[in-house]
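A.B. asks: Start from the sequences, fold in the hints, and give me the full structure.
Chain residues, written in single-letter form:
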Amino acid sequence: MPAKKARKRALNVGLTIILIGWLAVHYLLIGLYLLPSNAITVLYPEPIQCYVTPFFNQNWRLFAPHPPLVNERYLLQLSLQSDEEADPQLTEWIDFTTTIRNSIWSNPLSPAVTRHRTIEGIFKNYERFIVRQASGEEYEPSPYDVHVNYVFNRLLTVLAEDFYNPQKYHLIAVRGRVVIEEIPPFSESKSLDYVSKELKAFTFDWFSPAIPSMVRIVEE
Amino acid sequence: MHHRVGASLARIMYGFWFLSYDLQSFEIRHFIWGELGPVTHDMFLRDLKLLGGFSLLTYSSSPLWFEALFFLGIISAILVIAGLFTHISMIFSLTLLWSFHTRNEYILDGGDNIARIIIFFFFS
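First to last, the sequence lines map onto chains A and B.
So the first sequence is numbered by our numbering: it starts at 1 and just counts up by one.
So the second sequence is numbered by our numbering: it starts at 1001 and just counts up by one.
Hints are not guaranteed to be accurate.
Computed beta-carbon distance windows for the label pairs [unchecked claim]:
| hint | chain 1 | residue 1 | chain 2 | residue 2 | range |
| --- | --- | --- | --- | --- | --- |
| 1 | B | F1071 | A | N71 | 33 to 39 Å |
| 2 | B | I1118 | A | L23 | 17 to 23 Å |
| 3 | A | R73 | B | S1062 | 36 to 42 Å |
| 4 | B | S1062 | A | R177 | 32 to 38 Å |
Cross-link-like lysine to aspartate or glutamate pairs, in silico, EDC-like; alpha carbons within 20 Å at most [stated by the list, open to error]:
| hint | chain 1 | residue 1 | chain 2 | residue 2 |
| --- | --- | --- | --- | --- |
| 5 | B | K1049 | A | E46 |
| 6 | A | K124 | B | D1109 |
| 7 | A | K124 | B | E1105 |
Computed footprint of chain B on chain A; a stretch qualifies when at least three of its residues, placed anywhere within it, have a C-beta under 8 Å from a C-beta of chain B [said to hold, decoys possible]:
| hint | region |
| --- | --- |
| 8 | 39 to 50 |
| 9 | 136 to 148 |
Derived from the structure by calculation, the hints contain no laboratory data.
In this text, a Cβ means the ideal position worked out from N, Cα and C, and glycines have one as well.
C.D. replies: Take a look at the structure:
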């Protein structure tokens, strides 16, 4: 009988330790996921994302209000080559997000909502990769980083298709830019004296146009 | 009686939620989930390999398979709203919604996940 009791006790203690351990890891990962962007989440996105999605993630800031402090606009620049000219020509910076946002404001149920979320999500993922890359000169891109690059490259290529005539030009390269504008604090939102701060902008590297089967070709 | 009314209202709301995904992005479905968008099928498979996840869209990159699942999603959402074959149409809707969510996770907001988790209570 005492042996049976001891076994039961050991089982209870074991299960309690496992449960406490799991809860500790769970709340640590959820905490890291919900905290504003920090060194751990930026440098090690894969384990946190793997655990949190699909059951535990929510990004409404429902329980930890974190209103946006900046507006981001995304721009594109294309390098185009025509058959008639020897040198490729650069387009102006094309602001494609303002048009999409205007569509959303005029109709919150329009397809522009999901289009904008996709573009914003991919840009933000790429921005996080740039931060990781800037963390040290010896930073080695992980397979996830390579993937983030492919998706960003493909997005720029797909978006670029709307801004040139493929019968007249060939797309040589495309690059993106993020323009960051600070949102005035609520107390200053109606003030005529409020002077907005200078815009910040980040320009990314040029990408050669991505083809759909790029990933398969590289992997093979 | 009241709990039945409540459950029916919740079912109808969920049906509209399922339907809203498909209808809102109908015009640009090939950009959001298809080969014309930023996440091609190859990239999607690579994404799953790296981060894990489940989606019926992994089984084929054929546009026919994509369209079949997309329209099956619309039909099952309508059945959920109408209250026809409720159990089976709910399971179909949820599986398809989950599959499309996984195909392009960028379009999700926090509410989607909460709603997805709550839906399991319908089956209990």
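A.B. asks: All hints are to be evaluated individually against the structure, with a verdict given for each.
C.D. replies: Status of each hint after checking the structure:
no.	hint	in the structure
1	F1071(B) with N71(A): 33 to 39 Å	holds (37 Å)
2	I1118(B) with L23(A): 17 to 23 Å	holds (22 Å)
3	R73(A) with S1062(B): 36 to 42 Å	holds (37 Å)
4	S1062(B) with R177(A): 32 to 38 Å	holds (37 Å)
5	K1049(B) with E46(A)	holds (11 Å)
6	K124(A) with D1109(B)	holds (14 Å)
7	K124(A) with E1105(B)	holds (13 Å)
8	39 to 50	holds (count 3)
9	136 to 148	holds (count 3)
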